[in-house]
Amino acid sequence: MKTSTAIFLLLVPLHVFSQSFTADQYKEDYLEACALIASKYVYFERKCDLTRTEFLRQKHGYADSITWDTETFVKELRKLRGAFPDGHFFWSVPRELSPVDDYYTLGFVATFTSDSALIVRKVYPYYAPALMVDDTIIEVNGVRSVEFIKEFGKREPQSTLHATYEVAARNLSFIKPYSPPVDKLEEMRFTVRRKGARMTVTSKYRKCTPTTDVRKSRTDSAAILVQRNGYLSLEEIPDTSLSSHPSLLLYELKTKKGTFCVLHPRDFFDWDAADIDTVMGIVNAIQPEALVIDLKDCSGGAFNEMLYLSHAVNVTREFRFFYDIIDKKGRRVSGVSDFHFITERISLRNTWKGKLLVRSNEICGSACDFFVRWMRINNRADIVGTPPAGRGGGTDDFILKNTKASINFPLRERIPLHYTSTIEGETVEMDYSSERNLYELLDEVIR
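In terms of the numbering used here, the sequence shown opens at residue -7 and continues consecutively.
In case anyone wonders, no lab produced these hints; they're calculated from the structure.
Every residue gets a Cβ at the ideal spot worked out from N, C-alpha and C, and that includes glycine.
Any given hint could turn out to be false.
Claimed, not checked - If you anchor each label on the Cβ, the simulated ranges turn out as follows:
id : residue 1 : residue 2 : range
1  : Pro117    : Gln279    : 37 to 47 Å
2  : Val325    : Thr59     : 37 to 47 Å
3  : Gln279    : Glu436    : 21 to 31 Å
4  : Thr308    : Asp56     : 53 to 63 Å
5  : Arg190    : Gln279    : 48 to 58 Å
6  : Arg309    : Ser236    : 23 to 33 Å
7  : Ser413    : Ile58     : 32 to 42 Å
Just need the whole structure built from these sequences, with the hints factored in.
Listed below in structure tokens is the structure:
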């Protein structure tokens, strides 16, 4: 379940593209990508109306009709990615091929709300953004924001529509050179509603410095905080954390309804059972009204950490699941298995047995998706916020022969035994739906 969109991609400086390969080499790599998808993608039948054989046949004919060069190759790889709505499907190109020479920002972070509003939630003053916090973007380049986001989302469609639109909102203001959503950077024109007034502003993309380090984002005004999956962060991060682990942020939140402990896992792959044991010891010493596990904008990760956290909130039932896998030999294998090899080694001194809430949103997925369902199956927590991304498979990385561009997609699916739906593409029903900040949400949901 670990995403193979590694963070080093966010930190390596990239250069302008140059013509490096022959037309035949570009065509060969494109068809290699198509063949990999046709033979190995576990969700192919759900995501494509064609049979695997017909898909590949059509792609061969299509590739023969194209004049291949660097620009075309990047466009076609992006288009190929856009054909499959799956949050675990990625593509990337080496720095020599990218039409974008670095990371670029418009200096703000937007979100797409449940009532279809595109709203600015965060700005980076260093980049002199033309937009302000709480601006509602009405039009983008003369196109209604709703229509713009729907169209822009087709370039990186996710497993659910809500996740697709939210990812599009984040991608609007942050261009990654390894998977550029555009062919060139152009001045953007926004019509916004600001404090009741309507106005039009222009904004230019500027080179930026992304980081996953919270401390750096606070001490370096040029640093833009991203999650390890590469998306701009709208995490609600405390000024100080009671936990020393950078991936397990813990703080107290006092509202009119009482004192709560909030645990925000930034990911599910950079910590172990001992780390969560320490965190739960702190929680138990505080004895809050409830523990809130805040998965908003968590980048997901692996089953190990998902099970560590489950045990930490006293859900120790064996995790059994149905699996559907395309193995290394191309055989499709299904059956029932478990993660006993993980759980048999979990031994925690500190667990939380009190009231539990789990907050999710459309950016969190993968391990977050499984954790949310596992809490629901075991009647352990109230699920609040907005539905997680609905990413149900793992992801595998394939490097193309000539260009060393890559595509990544799931070869396997797992569904918790007795769960009545697939996780991939499912929109979870919330116990309490809200897009408010955590302080306001807790005041609403706690009776």
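So, going through the hints one by one against the coordinates:
1. Separated by about 40 Å at the C-beta atoms, Pro117 and Gln279 satisfy the suggested range of 37 to 47 Å.
2. The hinted range of 37 to 47 Å is satisfied by Val325 and Thr59, whose Cβ atoms lie roughly 41 Å apart.
3. Look at Gln279 against Glu436: about 23 Å separates their beta carbons, and that is inside 21 to 31 Å.
4. Separated by about 57 Å at the C-beta atoms, Thr308 and Asp56 satisfy the suggested range of 53 to 63 Å.
5. Distance hint for Arg190 and Gln279: a CB-CB separation of about 50 Å, consistent with the stated range 48 to 58 Å.
6. Between Arg309 and Ser236 the C-beta distance comes to about 30 Å, which sits within the given range of 23 to 33 Å.
7. Checked against the given bound of 32 to 42 Å, the beta carbons of Ser413 and Ile58, roughly 40 Å apart, stay inside it.
Comparing the model with each numbered hint stated earlier shows that all of them hold.
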